[in-house]
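Enquirer: Which chain is which? The protein sequence lines are E and H, in order.
Just so you know, we're using our numbering here: the first sequence kicks off at 79 and counts up by one.
Just so you know, we're using our numbering here: the second sequence kicks off at 39 and counts up by one.
Don't read these hints as lab results, they were simulated from the structure.
Among the clues, some could well be false.
Stated by the list, open to error - Capping the alpha-carbon separation at 20 angstroms, the derived lysine to aspartate or glutamate pairs in EDC-like fashion look like this:
1. Lys451/H with Glu88/E
2. Lys448/H with Asp84/E
3. Lys448/H with Glu88/E
4. Lys187/E with Asp397/H
5. Lys451/H with Asp84/E
6. Lys252/H with Asp116/H
7. Lys448/H with Asp92/E
8. Lys451/H with Asp92/E
9. Lys64/H with Asp84/E
10. Lys140/E with Glu415/H
11. Lys140/E with Asp92/E
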Amino acid sequence: MSSNADIYHEMIVDYSRNPVNYGKIEDHDVTFHDSNPLCGDSIDIDMKIDDNKVTDIKFHGKGCAICMACSSVLTEITKGKSLEDVRNIEKNDVLSELGLEHLQAVRIKCALLSLKVLKSALYTYIGKHLENSEDVDKLKEEAANLY
Amino acid sequence: MQSTQSSFENLRKDFPILKRTVRDNKHLVYLDNASTTQKPNQVIDAITDYYQNHNANIHRAVYALAEEATEAYESTRDKIANFVNIKDRQEIIFVRGTTEAINLVAYAWGRTHINEGDVIVTTEYEHHSNIVPWQLLTQEKHAKLEYIGMDDDGELILEDLDKYLASGKVKLVTFSLMSNVLGTITDAKKIIEKCKAAGVPTLIDGAQAVPHMKVDLQDLGCDFFAFSGHKMLGPTGIGVLWVRKTVLDTMSPFHGGGDMIREVHKYETTWNDLPYKFEAGTPNIADVVGLGAAIDYLTKIGMDNIREHEIELTKYAIEKLSNVKGLQIYGTKDIAKRGGVISFNFADVHPHDVAQIIDEEGIAVRSGHHCAQVLMERLNVAATSRASFYIYNTKEDIDILVNSLNTVAKVFKL
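Start from the sequences and build out the full structure, keeping to the hints where you can.
Expert: This is how it looks when you write it as structure tokens:
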């Protein structure tokens with residue numbers, strides 16, 4: 079990538095202007111909130127879960143273009159997936175979708191905040207419904223070490 | 039020295055960092071001075087000279103080097119006394135910075151003087167360092183923290199203060215002399231006058247004001263005053279706390295250890311004289327020496343000239359930025375009431391995106407909440423972009439900033 083400003087391509091700007099799956103699910107089965115203490119980006123994710131599948135997902139909050147675009151893409155990837163598949167979503171699944179694989183360290187937390195929130199929402203749900211504490215602890219650790 | 043643009047441009051040669059380029063061979067346009075300032079050779083050389091020629095521990099040993107080190111360290115205390123007009127050098131305590139200074143007061147004064155039901159008053163435009171220490175203290179003591187509100191021009195609503203003072207429960211009023219986000223210059227004398235009439239002590243966070251304007255502590259009449267070296271051309275990790283002697287005498291020590299003691303026995307200790315009672319352990323000697331050099335440098339230029347230079351830049355910047363379509367500037371446009379700090383938002387583009395795009399032009403501005411989340415909440419924004427000026431900035435820097443916003447507009451199709 080020749081320049082850091084190249085990250086502001088069409089897709090990022092469009093997603094940030096018109097985020098996908100933006101909003102709230104009032105009758106959600108799980109919701110989670112987190113923020114980045116340094117920049118103040120703040121994201122909530124609500125999910126509807128049926129038969130171990132994410133049937134609906136929405137996000138809302140405040141953030142930069144990178145944060146909003148990544149949150150949009152992440153909810154698109156997640157919708158319809160089984161909990162096991164959601165668990166396996168990795169950083170690069172989101173970053174590569176938007177050509178952000180080489181994002182500088184200071185911005186990576188903008189890109190991955192929503193993934194952290196998603197994983198935290200997931201373990202919250204699993205913790206409540208599956209009562210498999212070993213699994214939950216592993217997921218918690220995974221979410222905490224995302225970036 | 040005349041306060042013309044050209045004489046200020048001449049100062050740029052003293053700052054080696056301004057010669058470097060960033061990103062794609064762009065000249066550095068450094069506009070994050072409210073965060074920290076660059077250092078002139080005079081300061082860098084003073085620190086190097088200290089380590090190369092005079093390094094020793096202070097106050098104890100009798101050999102020549104220790105004497106020189108002590109002299110270098112203590113002479114900065116005298117320079118500070120002159121710089122902000124302090125009568126008694128014993129009232130000057132070296133700390134790491136404004137944050138440590140305020141925490142010292144919250145701990146060593148607050149834990150003795152604040153009790154259940156008492157009220158501490160701060161303001162909506164404080165830096166986190168003048169909020170969180172008081173939250174910790176009031177929570178511990180079951181006391182209350184109250185805020186002087188801010189109007190839409192970024193000025194404090196002093197009727198709020200009257201209301202709190204009337205309760206008779208206020209034990210301290212603490213505020214910054216200049217907002218680090220809006221640049222608002224607080225009407226400190228008016229606040230202090232009200233507090234004095236109510237018999238309430240005052241603390242001033244001078245971190246943003248001392249580097250940019252003449253500050254006279256005897257004229258102000260507060261009881262505590264704090265500022266940082268690194269925002270006034272000095273090194274990081276050194277700052278100053280001033281406390282009125284009569285108040286200082288009622289304070290318990292902050293840190294226990296070497297240098298702050300008179301006699302130590304197995305189960306009891308007596309304290310050293312002021313200010314050493316509050317300077318436990320080997321202090322940051324080299325950076326105190328660096329701060330002394332920074333004060334010399336600023337004194338030579340003259341604080342009134344610096345203020346005048348920044349007024350000129352701020353006026354120019356507000357005028358230029360006001361012409362950018364979709365750009366909102368926060369705070370008062372009355373130059374007499376603000377320092378060289380301009381916070382803005384550009385249409386609906388997030389400040390982080392603005393900062394990243396203009397970084398490609400070599401421009402360093404801050405984006406985020408500027409450690410002032412209470413203020414961000416009051417302004418109802420998540421973050422702002424902030425340009426802040428100092429002696430080495432020029433109108434050309436501002437032109438480059440304004441032009442770079444065109445790129446932002448292009449990328450975000452504004």
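Enquirer: Now, for every hint given, state plainly whether the structure supports it.
Expert: Against the structure, the hints come out as follows:
no. : hint                   : result
1   : Lys451/H with Glu88/E  : 10 angstroms, holds
2   : Lys448/H with Asp84/E  : 13 angstroms, holds
3   : Lys448/H with Glu88/E  : 11 angstroms, holds
4   : Lys187/E with Asp397/H : 18 angstroms, holds
5   : Lys451/H with Asp84/E  : 15 angstroms, holds
6   : Lys252/H with Asp116/H : 17 angstroms, holds
7   : Lys448/H with Asp92/E  : 13 angstroms, holds
8   : Lys451/H with Asp92/E  : 10 angstroms, holds
9   : Lys64/H with Asp84/E   : 17 angstroms, holds
10  : Lys140/E with Glu415/H : 13 angstroms, holds
11  : Lys140/E with Asp92/E  : 16 angstroms, holds
When the structure is compared with the earlier hints, no violation turns up for any of them.
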